[in-house]
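S.K.: Each chain sits in its own coordinate frame; assemble them with the hints.
So you can see what is in the structure, the chains are spelled out below.
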Amino acid sequence: MNPAAHILVIDDEPQILRALRTILTEKKFRVSIANRGEEGLALAAANPPDIVILDLGLPDMDGFEVCARLREWTQAPIIVLSVRDSERDKVAALDKGADDYLIKPFGIEELLARVRVALRHSAQAQGQKETVVKAGPLIIDLPRHVVRRDGAEIKLTATEFKLLAYLAANTGRVLTHQSILTHVWGAAEADHIEYLRVYMRQLRKKLEADPESRRYLLTEPGVGYRFLIDE
Amino acid sequence: MRHSTAPLQSLLHYVLAILTIAVTTVLLNFLRDVLDTPLIALLFLLPVGLSTAYWGLGPGILAALCAFLTFNYFFIQPYYTFRVHQTGDLLVLTVFFVVAAVISQLVGQARSGLAAATAREREATQLYELSTSLAGLQDDQAVARILAGQALQAFRLERIELSVAGPLPVNAFEFSLPPASAAPRKPERIVPLQTARGPLGEIRLWRIEPLAQPAEERMLRIFASQGAMALERVWLGQSETRARVLEESDRLKSALLSSVSHELRTPLATIKAAVSSLRGGQVPWKSAAREDLLAAVDDETDHLNRLVGNLLDMSRIESGALKPQRQWNLISEIASGVLARMRQAAQSHRLVIDISEDLPLVPVDYVQMEQVFTNLISNSLKYAPPDTTIRISARKQDALTVLVQVSNQGPPVPEEHLDRIFDKFYRVTAADRVTGTGLGLSICKGIIEAHGGHIWAENLPDGFSFNFTLPFLWDGAPPPRLPLESETT
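If you're matching them up, the sequences are chains A and B in order. Okay, so the first sequence: first residue is 946 according to this note's numbering, each after it adds one. Okay, so the second sequence: first residue is 10 according to this note's numbering, each after it adds one.
If you are wondering where the hints come from, they were derived from the structure by calculation, not from laboratory data. We put the CB at the ideal spot given by N, CA and C, even for glycine. Possibly wrong hints are sitting among the right ones.
Here chain B is said to cover these stretches of chain A; the calculated rule only asks that three of the stretch's residues, wherever they fall, bring their Cβ under 8 Å from a Cβ of chain B [unchecked claim]:
(1) 1097-1110
(2) 1142-1154
(3) 1162-1172
Just chain B, with the same shape it has in the complex (with noise of 0.2 Å):
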């Protein structure tokens, strides 16, 4: 491969043969009177082997053939004629002649055979480097990028492009290195992307010599083939996560419906059950019975509205479209306003605010907080037992984050439920025991996250708690300070 990226330096190779050649002649002569003919012969060997090994097969038989002359001319008798007087010259000539060519022949082919291993070992290497890295890529740019970095270093290329036609008409893509200039004139080879299941697409390259044959054209098509592949490695990966994205979503929505059908129905039931017997007048009309059956259907009516509002929420909050309306707001009076809401419904437990005045006012959306304490209070309802507290407690975490904390005295929830908890539809006790959507938790999840906060609940040594926290900043600006006035009036 060598030989032929240079004209010039081969030339000089032979150039520098015949000065070996020349050089050694030169010292030869000194010792002309010393040394006898078969040494001088045998010394001339060496040159001659030495080109071989570092020039080449070519500068190695016109040394041979160089040291051959001037051995003859200067060195056999008469000196200065290539004309042979003696029979044991003549030999001695025709020997050293054969030695040199037979020298250089074999050291040429060692030599050349050590270039094709050398050129195979980075063959190899260039393609070891290809496949390892563009094994484990995810993206079909970055494939395009590796392929085209490595392509345009291990064929010295002036410019490559590649034009890539993916399985969907959104995977179809173009690009060139050096990036964003346009091609110089045609491009000299056209190599195709192509895979079993056919063409992906080609390559087009800039490169002012041509390509070597066959060791260069091979390596190009391993390149090619070994780019095709993972083109098509990274597409099948791509389809593959779509369809299990598919499939899990397919699984949470027939896990939702299930799940609605059976919470719009109980509430249904009973209002159904309720209304029915009111009307068929089996009721006495001024009876505690009228009055639970109207509580009933009230309280269901209530259950089912909120059923809707939640999976409107969790709709919003799967799509992206919850975005948080945020206004600096004090998390007390958030606390309190749910607090005021929820006293009917929370008469059975004690609640309590354990906030401190000078908390700083927090950047959150008032109504989606206000959600989230509602759903963390009403979760708290269901499994504390009935006279115990629920407090509403936040402290400054640090400089950057509140922490919101509500704490009930309620059962802990083992170990492996408490990441899990805050999935949709995720219940620790039988469904059927515990009312509600089985959606509130993740609502509340969706929410904090939606604020830059982070949701998680522990067990206490005494009760069980959900924490959060949320940042102080937003966008980078910290809670105001109001100015305090005094009592004029």
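Chain A on its own, in the form it takes in the complex (with noise of 0.2 Å):
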């Protein structure tokens, strides 16, 4: 990890912004605060953070356009913190360009994995794409299409491989329903959310050693999947 990665918290409650600052510094990042929307649209443009972690509620603003903002110019990962826990909070801040989502009251370990998991995946959108992905012992060949666990080749059908590719290559990322059903069935399919119950449930066979431990395909529930690898 880039240990003075640039976080910029946007967040109007004073204690969460105390606390994130005393650990986010305690835990060697750079820390920059603000308690607006405009006030943090500017600090991102003067020093380009390296993460954004962003609260929905703001005094001026509402989170969802800071969010599509900042995504006009930077690709950098926006992790949403929020009281909000509707599932349509959810999905919105994720369509909006957010990467992740947390419910407030969160545990610091949590929002730590989220945050190291969001600066893996910027690494690797900026840098070359990874074609094969490693999760413990499964290997996910891309472009040759190939999974294998513990060297043993894992059968898949067309549709789980594309499935299993399009969150693979996503790694760490909420996807939405929305958007898998969109890339995996086509936008002609994009309600149809029993296809990809149905593909996950058999995709976790094949894939999970024990599928109901979900180690690497994780539901995130009534939003969408993401795809995980443990440390």
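M.R.: Structure (structure tokens):
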């Protein structure tokens, strides 16, 4: 991990800002804080952050808008922090370009894990695309369409592979149902969430040693799925 | 009443009375030589009596007069004159007239007494019908409908309108029979709807014939007062119901507040105690005690967060804002997602999923169903002894319904509590012994019912089980079946 990664925290609650600044500085991040949307955007423009932690409820503008305005010029990962726990808000934030969504109150370990995943993902996006994804015993060779577990090839159908490849290529990111359905099945099928349910079950059965433990293929309830490589 | 209704008909009665006497005269004329004069007079009394009995006093008197004249003209010598020669005949004639008149009078009185009795009986029947149909009505519109319907029939009205002004502006309404037509002209009669407490509105009547005094007037007033009383009773009942609902919700609110303050303070007390002792420096930096205190703070904040979430969910359920976002979902996926997340918390128990692969998709809200499973499993974890099994199973109950069961090997719940454990803040054991919000199961009930399902609890031979059903159909559509794909890579 880049020890001097620059994190911009935009939140209007002083207690949260104080806690995050203390903890993140302790973890050797460079931290800037803003308690308004405009201020945050200005700070980001003046000193581009490696990652943005954003609250949705800001006094001067909507968090979704901050998200959208940041996305106009930067691909830095955005992690949304919010007390709003409705799935609609989560999906809206992800659609506006957020990479992840964490609900307050959250555990700091959880936040740090998301920050690490996001930083690694953005490092990959900037550098060369990884074509072979390794997750524990799993090896997913994207260009050659081969999946192995402990060296043994796992037979997948064409759709199963397309689904897995899309998730693995976006390791760590929450992908919404809509975006997965559009990408794998096409825009016309974007509402057929049942395809996703059934194919995810098949994939889990084939990939996960214990389909019930869900180490790699995670469900984000009501929002979508995420492929995770645990460390 | 009947006389005034049809002048034509009463004219007919007079004509009939005259005809009866004419026919009798013709018949008796054949027998004139055989019968004595007094006998003929006696026979003439028959049509007179009958006329009075059938057609009333007026026609009876007319019949008596006609009989007297024809008797004199045709049957008393000299025939075909109105003169009388013999003294005896004069006597017979006089007696005849008096008797005929008296009979007519008596029969007529009896008859009109009978008519009045019949009319009263009809009134009584109508009022009885009115009061029985008005009794027990819960709805002011229904009262108006029945009152108007019965008045229309009882008074043979052309049209009736009710204009009702209730105690509240929302109670005011108009009602007319026949419905949805404009009034032909100004109403013939307006009767106020009035109770002891004041006016409630009015009844407007349209009828061609005038109301008969005083019987119909009296009836009309009784109708109006019965209607007004029924309306008043309905409104009193409604306001009583409102008061009861308010009282009940007040009671629930104070139960909620006392429960919530208890539930909020308990974790806060733990957090406060732990944090203050950590800050106070009494606890060594690296010690098991320190770890314990920190873990307690962590657990208790989670608990507080769950409590707030439950309260929000409950208020959504109660305000009807909890609308399931249905999607075709796999029950097994939802259940195993919950198990994966709860594995840490449920280390003390064995969690097993027993759901067939070929169970069809079910149209449910993924997140809400996750919560149902989470709450039912948490509840099982609390009551079932450690190292026992908690089993989630689901099967097709019939073509329309899936039956899901979350069973544990916990102790049985007394039968009288089984229905009530889904009530808010209802606990089988004393509140202090078990942590929780007292809302988990009522949230489950709210969610399952919002999905069109049913939830209940039952004791099993070797444990306890929560059962719920969910419909397979989504707006009438059956679960989709996905085409299978072969493995080509």
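S.K.: Against the earlier hints, flag every one the structure doesn't satisfy and list their numbers going up.
M.R.: Structure breaks no hint.
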